[in-house]
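Number of protein chains: 2
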Amino acid sequence: MIRVVILGAGNIAQHLYTVFTKSEAIQVVQVYNRSQKALQSFTNVATTTRLKELRDADVYIIAVADDAIASVANKLPFTNRLVVHTSGSASMHVLHKKNRRGVFYPLQTFTKGKEVDFSQIPLCLEAREKTDFKVLQQLADAIGSPSYKISSEQRRALHVSAVFVNNFSNHLYRIAHEICEANNVPFQILHPLIQETAHKITTLTPYMAQTGPAKRGDQKTIDDHLEKLDKDIHKEIYTLLTQSIAKTYGREKL
Amino acid sequence: MIRVVILGAGNIAQHLYTVFTKSEAIQVVQVYNRSQKALQSFTNVATTTRLKELRDADVYIIAVADDAIASVANKLPFTNRLVVHTSGSASMHVLHKKNRRGVFYPLQTFTKGKEVDFSQIPLCLEAREKTDFKVLQQLADAIGSPSYKISSEQRRALHVSAVFVNNFSNHLYRIAHEICEANNVPFQILHPLIQETAHKITTLTPYMAQTGPAKRGDQKTIDDHLEKLDKDIHKEIYTLLTQSIAKTYGREKL
Ligand SMILES: NC(=O)c1ccc[n+]([C@@H]2O[C@H](COP(=O)([O-])OP(=O)(O)OC[C@H]3O[C@@H](n4cnc5c(N)ncnc54)[C@H](OP(=O)(O)O)[C@@H]3O)[C@@H](O)[C@H]2O)c1
Ligand SMILES: NC(=O)c1ccc[n+]([C@@H]2O[C@H](COP(=O)([O-])OP(=O)(O)OC[C@H]3O[C@@H](n4cnc5c(N)ncnc54)[C@H](OP(=O)(O)O)[C@@H]3O)[C@@H](O)[C@H]2O)c1
Chain A
1 MIRVVILGAG
11 NIAQHLYTVF
21 TKSEAIQVVQ
31 VYNRSQKALQ
41 SFTNVATTTR
51 LKELRDADVY
61 IIAVADDAIA
71 SVANKLPFTN
81 RLVVHTSGSA
91 SMHVLHKKNR
101 RGVFYPLQTF
111 TKGKEVDFSQ
121 IPLCLEAREK
131 TDFKVLQQLA
141 DAIGSPSYKI
151 SSEQRRALHV
161 SAVFVNNFSN
171 HLYRIAHEIC
181 EANNVPFQIL
191 HPLIQETAHK
201 ITTLTPYMAQ
211 TGPAKRGDQK
221 TIDDHLEKLD
231 KDIHKEIYTL
241 LTQSIAKTYG
251 REKL
Chain B
1 MIRVVILGAG
11 NIAQHLYTVF
21 TKSEAIQVVQ
31 VYNRSQKALQ
41 SFTNVATTTR
51 LKELRDADVY
61 IIAVADDAIA
71 SVANKLPFTN
81 RLVVHTSGSA
91 SMHVLHKKNR
101 RGVFYPLQTF
111 TKGKEVDFSQ
121 IPLCLEAREK
131 TDFKVLQQLA
141 DAIGSPSYKI
151 SSEQRRALHV
161 SAVFVNNFSN
171 HLYRIAHEIC
181 EANNVPFQIL
191 HPLIQETAHK
201 ITTLTPYMAQ
211 TGPAKRGDQK
221 TIDDHLEKLD
231 KDIHKEIYTL
241 LTQSIAKTYG
251 REKL
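Heads up: the protein sequence lines correspond to chains A and B, in order.
Quick note, the first sequence lines up with residues 1 to 254 if you use UniProt numbering.
Quick note, the second sequence lines up with residues 1 to 254 if you use UniProt numbering.
Nothing false has been slipped in among the hints.
Subject to a maximum C-alpha distance of 16 Å in a straight line, what follows is the list of computed EDC-like cross-link-like pairs (lysine to aspartate or glutamate):
#1 B:112 x A:196
#2 B:220 x A:67
#3 B:247 x A:232
#4 B:235 x A:236
#5 A:112 x B:196
#6 B:247 x A:178
#7 B:114 x A:196
#8 A:228 x B:153
#9 A:247 x B:232
#10 A:22 x A:115
#11 A:247 x B:236
#12 B:247 x A:236
#13 B:220 x A:66
#14 A:220 x B:67
#15 A:114 x B:196
Hints in this document: simulated from the structure, not taken from any laboratory.
Same shape as in the complex, but just chain A (with noise of 0.2 Å):
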């Protein structure tokens, strides 16, 4: 039985909460925040709102805004035990070398209120010692995530990584949300593609799964797009885009 401590009471807290209350072989001995409000949706588990009150585990996990984990870690009052934090982008070694240190990271996007596969989702684990990686392993393995070893350095290139595919991914959705509606065009007709685009890298590697105008070197449908799109924002990023499909297509000139 794996015992653990919850700091934070957000999104990612309570999803952690979920899942390992739903496993054999974890026990959350406890959730902490620095206001009682959000500890009141943390039923059937002893919370508090005081640092010192923090009880006995063998993994504390740091689940605080990316900006409060070094705070939080240094006022831990105790010494020598488990801490790690959830954050793709901070490193191990914002939480304070009093405690044994270590980085349990889900790689996904989550939304509050809505359900999550955790076995659809890789965890990034990092660790000073062997055991307490190990610990994390069989925290992640309760679960039935997928985990992977991950040093900070990594995690930082997985982070940027997930900005390009989420957020900025999402951003492109936007925007032909907004081409659509300028055109008086349902958007779902875009749905199915969009869902096709990303399932279609599971089989072939981005490289090889690019289509478009771009990559053709077509640069007559190039020209006309440009032509069609109303905002100049709109047009930079297609130009800047589909520069960047061609180079990497050894197209130079377009």
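Could you slot chain B with the ligands onto chain A? The hints should help.
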């Protein structure tokens, strides 16, 4: 029974042929292609390389390269029959007006050899005559595809939108793949995030689904990401998309 002649023997022609032959309501009378080679994969159907041998049918579907649609349509040895193309970017008017014109555009990305589920493929339909539109609608219904009435101008908007959500998103996946490789991280770690990002917008608008440093105005993370990126073109894309997201959420300054 709708009698169809397919002109072209490429990707789309093959997928249409496959799905048409599964429907009791459709008879593929003949497949034409300018050259013999690609016709070899069409078995159990009459084929020809000569336009003057084209048989009688209710619909002629021109599924050839965009640039070749007009010339094939011009050379058709008959008049006043229903002739459609399958292109997202070509106007209906590239078809010669000696025939009744229309468009039958499947809004999806097709991969050679990979079977597709037409119930998941929206068909954008256009026709000058109401009765012709009905025939196209029956064709769509017969293969179980949702269909939409889309004008040439709307189709043009959809085609640009498709470039954003398909070509450009795929290129962002490619960039993420490059970053992962440069850091010895398996790209598959990002697969679930890519799927979930695409899935999210079926229940939330992309505007609502947006997350990340650009939306939050988290300059520290943005700077860290830019520092982590090696290639100038990746930095440029990161910066432009970050600005565009910031603008969308009223953060002009970022
Ligand atoms: N959301 C995701 O999709 C996602 C995915 C992977 C990893 N993560 C990481 O998970 C961690 C938590 O993110 P989240 O999305 O769960 O955040 P969230 O929903 O915004 O919750 C933030 C939590 O941090 C607490 N907090 C904020 N400032 C604090 C401070 N100065 N001192 C103490 N506690 C403070 C909040 O307490 P109050 O209730 O008192 O405000 C709340 O419990 C972050 O490191 C994030 O990078 C998030
Ligand atoms: N692929 C997609 O994902 C997709 C999706 C939606 C719509 N479309 C549209 O569907 C149409 C066909 O695309 P595709 O992907 O099937 O193309 P494709 O696989 O490249 O096949 C092209 C076809 O056009 C013929 N062709 C090329 N140049 C010609 C010319 N000058 N005269 C006569 N025939 C010529 C080729 O004949 P040969 O065999 O002799 O070369 C071949 O049959 C295009 O309008 C395209 O925009 C494609």
